[in-house]
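K.L.:
The chain contents come next:
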Amino acid sequence: MSLPHLFLFVGLPYAAILLFLVGTVQRYRNTGFKVSSLSSQFLEGRALFWGAVPFHFGILVVLLGHLIAFLLPGGTLLWNSSPVRLIVLEVTAFTFGLSTFVGLVALLVRRFTNPRVKMVTTRMDVALELLLLAQVVLGLWIALGYRWGSSWFAADLSPYLMSLFTFDPNITAVSAMPLVIQLHIIGAWLLIAIFPQTRLVHMLVAPLHYLARPYQRVIWNWDRAAIRNPETPWSEMRPKNN
Amino acid sequence: MDIRAQISMVFHLDKCIGCHTCSVACKNIWTDRKGAEYQWWNNVETKPGTGYPGRWEDQEIYKGGWQRDTNGGIQLKGAGKKKGLINIFHNPNFPTVEDYYEPFTYDYLNLVEAPAGDDQPTARPVSLITGEPIDVKMGPNWDDDLGGTPDYARNDPNLEKLSPAEREAMFQLERMAFFYLPRICNHCLNPGCVASCPSGAIYKRGEDGIVLINQKVCRAWRMCVTACPYKKAYYNWYTGKSEKCILCYPRLEAGLAPACMHSCVGRIRYIGVLLYDAERIQAAASAADADLVARHLDMLVDPFDEEVIAAAQKNGVPDSTIKAAQDSPTYRFVKEWRLALPLHPEFRTLPMLFYVPPLLPVVASVREVADEQKKKSLNEISKVWPDNWLYDTSTEELWGTVEQVRFPLQYLASLFSAGDTGAVAARLKKLMAVRIFRRFKTVGDVSEEIMTKVLADTGLTQETAEAIFRLTALAKFNERFVIPPAHREQALEMLEFTGDARGSTGFGFRERPARGL
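Chains as they are written, first to last, in my numbering: chain A, 1 to 242; chain B, 1001 to 1517.
Quick caveat, the hints were computed from the structure, so don't treat them as lab data. Heads up, some of the hints might be wrong.
[To be verified] Capping the alpha-carbon separation at 25 Å, the derived lysine-lysine pairs in BS3-like fashion look like this:
id : chain 1 : residue 1 : chain 2 : residue 2
1  : A       : Lys118    : B       : Lys1453
2  : B       : Lys1441   : B       : Lys1453
3  : B       : Lys1034   : A       : Lys118
[As the list claims (entries may be wrong)] Far from chain B, some chain A residues (derived; all Cβ distances over 10 Å):
id : residue
4  : Ile17
5  : Glu44
6  : Phe70
7  : Ile185
Glycine is no exception: its CB is placed at the ideal position from the N, C-alpha and C atoms.
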């Protein structure tokens, strides 16, 4: 346990989480207008399909896999106790990782070659996509070179992450990990740190509530029927508009 | 009964001269901004033509609007909860910039700054997206006045229901005809855009039915663009937000007509309140194709009916709005006189913008007759030219010409009544009857017998015919635009206590609309 390790695996995570929380709240409250997925499909539609679709479905599954292994390490280990199931899990995860990689490369190529898309590309977009690409490449490298990730993640990294959240950081295991894995972990914390300042914020406003609402939406500026009813006090009828 | 009020519009197409003043007024006020250059919340199309974006009426391409499912209900054709969320990363039915046109300007500075040389300097077109010189291949009115006919007018999706012979007849040079179709957002009662918005950013205002997009909640999932069958929701490529016609609600709330209507040179536009029964929306939207127009009109209720007034008051519709509904020019045109029809009712969004069908049939012929005979057939006040030609309107076949309008009825029916030619013919007949009635009164070469028969055939009285003529031809500003007060004083009281507002620095949208990181 050296000072750099303490910085990278304890200081950086806490700083990242703090930046994430404060930054997200700040961004949403002060510049809420800018929280958007910033789709560029209007400017270019075909190449986007070969990038956005494999990338998004890939990263959703990969992210979900990481989350499950972190939250349910016991369950993951139990699943992996049978070699067949372990192979199924690893192959699935790797396939989706590969899909993420292919999609991301396609998106990067599109971003740099299409003159219209270039016009709506910010420096942060480029930085973010390169960081993501590094993360995905490292992830695929780890999956190939350090088997079986799903098991050792659940066994060694979940306790590390959990120790951070219980404010009792334990970095013994993570300090001993190979450099590639350490880089992947550092990349993850960096992504979380810059998250609120990037277009990634659209994840936080994913429209899952759409499933629960009725199709049509009517907003009354104020309840005119209630305003005529002398028995209803005004103060209880403040509209929810905007 | 759930009576609500809706600001509705009527466009009288026979009066539209296609000057695009409405489009320019709208553009100057609302869409002269980065990212919105290509958006025309109001545009005027030549029909037959492919329109803007190209072939927007063809829902096999754009998948807009609703369609009936096997259970008799309706589903969004290209969006909705399932399709919308599955296609959220890439919307396969999303029109891109090529479907509209690449916005451009001209390099005017080159005209004054070009170095001296042998050639006249030119102002090259420059893309407003990339800033690079482009070859302009498309514009918002590329097919104006039938320009480029083989590529545009002949590809009009409404021609599909015509027989090849009818189609050919339309494009014979000596029979060529066209009319203009000004379009804005229809502020529908069953809007596809609202239903398709995953974020729930789009909503219909309860008080006046205006459909708006909350710019702060829009997250660029772009489903509204697909779901609107009229392609009147636009994606701003710079801010990453969808935008649409707001019916100039800041003007409406101040009692002013929307800019497009205010500036209309041909005075074709009418705006007024319609009261409708919200409980009948579902039945109207899911009616069989043949019943669509009838169900749509059934939904609109009589603002003079005591029961309706009581129900409206119970719902909190202010008396001033009910009064506006009684004075509404749109109620007259749409329901009382049944002269106007919705555009493409088969999209099932229940549009609240109605059109008086255009292109009255020609009812006169030019004949060579003896001078004496000509004088006999005209009354004393008629102007007589010293030649033997007579502009003769005395046709024996009163309604024969309706079936022989300049366009096949089927074409107009495809636009305005989901294929029901009877609905279009009935309206054209009424328009003709009013014309014959006025001719009887002012020129006098139509016999009273014919005039009476014509009015009786179409179910009009002389008073109604006179009223239709008045509102069509003579109506002044305040008769064409009957705008109810917005009662913002009540809104303000409800939104905040006046004590809260005292000494504060204002309210509302304080963030500059710029693109995010």
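K.L.:
Each hint: holds or not?
P.N.:
Hint check:
1. Lys118(A) to Lys1453(B): Measuring from Cα to Cα gives roughly 68 Å; hence the hint is violated.
2. Lys1441(B) to Lys1453(B): Roughly 15 Å between the alpha carbons, so the hint for Lys1441(B) and Lys1453(B) holds.
3. Lys1034(B) to Lys118(A): holds (16 Å)
4. Ile17: holds (20 Å)
5. Glu44: violated (7 Å)
6. Phe70: At roughly 25 Å from the nearest Cβ of chain B, Phe70(A) sits farther out than 10 Å, so the non-interface label holds.
7. Ile185: holds (25 Å)
Hint check: violations occur at hints 1, 5; the rest are consistent with the structure.
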